[in-house]
Amino acid sequence: MDAAAPEERHRTRITRPDGRVVNVARFRGQLFVCATGCCCGRIDDGFPAVSTQLYHDEWERRRLRDIVHLTIGGCLGPCVLANVVLLLFNGHALWFHSVNADPLVLALYDYIEALLRADAPLPPPSSLADLQFSGSR
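Sequential numbering from 230 applies to the sequence shown in the numbering used here.
Among these hints, one or two may not hold up.
Restraint ranges, calculated between C-beta atoms of paired labels, are given here [claimed, not checked]:
no., residue 1, residue 2, range
1, Val250, Asp274, 42 to 48 Å
2, Gly306, Gly275, 29 to 35 Å
3, Asp359, Ile243, 38 to 44 Å
4, Arg249, Pro332, 41 to 47 Å
5, Asp273, Val251, 21 to 27 Å
Note that these hints are calculated values from the structure, not bench results. This one's a predicted model, so the numbers in the text were calculated from it and none came from an experiment. Every residue, glycine too, gets a C-beta built ideally from N, C-alpha and C.
Use the sequences and the hints to build the structure in full.
Printed below as a string of structure tokens:
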């Protein structure tokens, strides 16, 4: 699927503290990837690497830039489940742990595209289902 199918861009007008009014894009989702925390991606400490380039390449290749924002950064916790990913999609938080291999990254992007096509909540595919956890109360 080409996720770049025409879709209305939703924006919110916000007045900044300096008085300037700006238009802020509202995305369908945001994918947070822990890659530089105290454990995630720290191969020197015995944790699996995080394929940051693959995350970015797939995000670009699938044309998700204006639909699902990608943030590759620091700790999301919990550290005992290294290589944690948080997908916020249509207001729902979906947490995954141990995303340690390229096929899992690809499965995650396939899942995002399935969510976009369905325009409704879907359970994760079997390859990700056992990696899903509740990240908050």
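Here's how the hints hold up against the structure:
1. For Val250 and Asp274, the Cβ-Cβ distance of about 46 Å falls inside the hinted range of 42 to 48 Å, so the restraint holds.
2. Checked against the hint of 29 to 35 Å, the C-beta distance between Gly306 and Gly275 comes to roughly 18 Å, which is inconsistent with it.
3. Restraint check, Asp359 to Ile243: a C-beta distance of roughly 40 Å satisfies the suggested window 38 to 44 Å.
4. As the Cβ distance of Arg249 to Pro332 is approximately 45 Å, the hint placing it in 41 to 47 Å holds.
5. Here the CB-CB span from Asp273 to Val251 is close to 41 Å, at odds with the stated 21 to 27 Å.
When each numbered hint is compared with the structure, violations occur for hints 2, 5.
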